[in-house]
Amino acid sequence: MLPTRTVNVQPPPEVRRRTTLQMISWALILLVIGLSFQGTEVNLKTLYDGLGNSWRYIFGDPTRPQSGFFPPDFGKGGVYLEQMLLTVKMAVLGTVGAIILALPLGFLAARNTAPNAFVYQITRRLLDVLRGLNEFVLALIFVAAVGLGPFPGILALVFHTAGILGKLFAEGIEDIDEGQVEAVKATGARPLQVLGRGVWPQITAHVLSMSMYRFESNVRAATVLGLVGAGGIGFYITEAIRGFDTRAACAILIIILATVFLLDFLSAKLRERLT
Amino acid sequence: MIDIKHLHVNYRGKPALQDVTVHLGSGFTAIIGPSGAGKSTLMRSINGLVPITDGDVLLEGHSIGKPGSAALRAQQRHMGMVFQQFNLVRRLSALDNVLLGCLGRQPQLLGALGLAPKADRAFAMHLLDRVGLAEHAWKRADQLSGGQQQRVGIARALAQQPRVILADEPISALDPKSSEQVMHILRSIHEDDGLTVIANLHFLDTVRQYATRVVALKAGQLVFDTTPDALTRELTRELYDHDPPAVQGAEPPVSVNQLASA
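Sequence lines, in order, name chains A and Y. Its first residue numbered 1, the first sequence is counted upward by one per residue in our numbering. Its first residue numbered 1, the second sequence is counted upward by one per residue in our numbering.
In short, the hints are calculated from the structure, not lab data. Certain hints may be false.
Far from chain A by the CB rule (all over 12 angstroms, computed), these chain Y residues [what the hints assert, rightly or not]:
| # | residue |
| --- | --- |
| 1 | Asn47 |
| 2 | Asp96 |
| 3 | Pro107 |
| 4 | His136 |
| 5 | Ser145 |
| 6 | Asp205 |
| 7 | Gln209 |
| 8 | Asp229 |
To give an idea of the chain Y side of the interface with chain A (calculated C-beta under 7 angstroms), a few residues [to be verified]:
| # | residue |
| --- | --- |
| 9 | Asn87 |
| 10 | Arg91 |
| 11 | Ser93 |
| 12 | Gly101 |
| 13 | Arg105 |
All figures in this text were calculated on a predicted structure; none of them were measured in a lab. We treat Cβ as the ideally placed atom computed from N, Cα and C, and that holds for glycine.
Start from the sequences, fold in the hints, and give me the full structure.
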């Protein structure tokens, strides 16, 4: 028989403390979920009762001819495609503008490249603000400033996306291998050269990958910016639904979905090659 | 060449170098000592990569200057640094990595954009050829073996057209064959080009084979400064507190007690 001796199986105090903290955290999460039901009128019975209405809205009411989304009405297909192309252009320019803004902001918002703690904090907070303002809110502001059309939509995408990309770029910059940067510094290179030849090659793939990812999101966002008058296909879908032309709305939705699927697929393929 | 005067360097509040004074003239100087003795800190403070707490480092009579200063950058251009982990920019080609050594001579913006003049490109290619890697010039650095990466690192240091090569444990991460190639190149730089070479080395046989002078550090202090021939067993036992590593792969076994106290 193997020799045995008494060992203490009680976890040490720090492990017990950690376990208690974890249990408290889970309790708090459950409390937040529970409290979220208050005042939000979530009711499964209402959903169940409304299923019939949704069915009739989408697939048609036998008592009302021409109701429902099917078959889709591609009568103005040319206009919808043109507007979809405009929407994609909005996403392209919105993303490119955002990258141009986000790159310098990213360098200023990364601990290892910010000139000092003050600039780092100010830039981080500015990015928080840009990210916190939803595209819709920004679009409403820019519609008031420059009028209706795609331009305010593009501006909304530029500023909101700059907030997101700036933070993502900064995180990519903070993750670089400092040894490679140090080697460039050790040659006596000047600060811009260190950024260009020591930092930039390390973050290029990250920057391109994140930018493509945001482009996909911006195409989806741009399809609904028209709801607030900021141009693109969103305007046409709003008009179709408001005018009870649900079959035209269906045709527009099909065009949007097909475009989003296609661009997501192409973008994902591109990102695969980049990383 | 390099005058180190009463150098003190504190690292995270603890003294890493204490009152080190030494003149490193032309030759091949090996810095030896146990792990944590301050060898890398000495090398990095000569190059201005770590801030000096007190004392001074002078290159040909000129103080190396404060971190981030133009004076320091001007001095760094005369000192080619070779790193233990090579520190190549992994996504750049071998040639582009060598061209990094020319940045100090290029206009800031052109250098930042990687637009090197034709003469620099030809020079970088010549250096790659010298370290036996001309045919790998267009390969990305992360596709090269460790030994090849270190040779690119040496070519990058030479591209600076330096007066001194500082090699911080240049062969610690390499297999014996690659180590030999790297050491041969470093010796050729010293003997054929007449450059001062200062290298942190771990293995005493390598020191005896290549160095012309040996400076030993222990616990941040200079303990002896001698020639490789004068490296007696007693001297090295005293330095390492046990028989020192003579050849690569012959590190003394670590005892259970050492592991427990680590």
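Hints the structure violates: just list their numbers, smallest first. The structure breaks hints 1, 2, 3, 11, 13; every other hint is satisfied.
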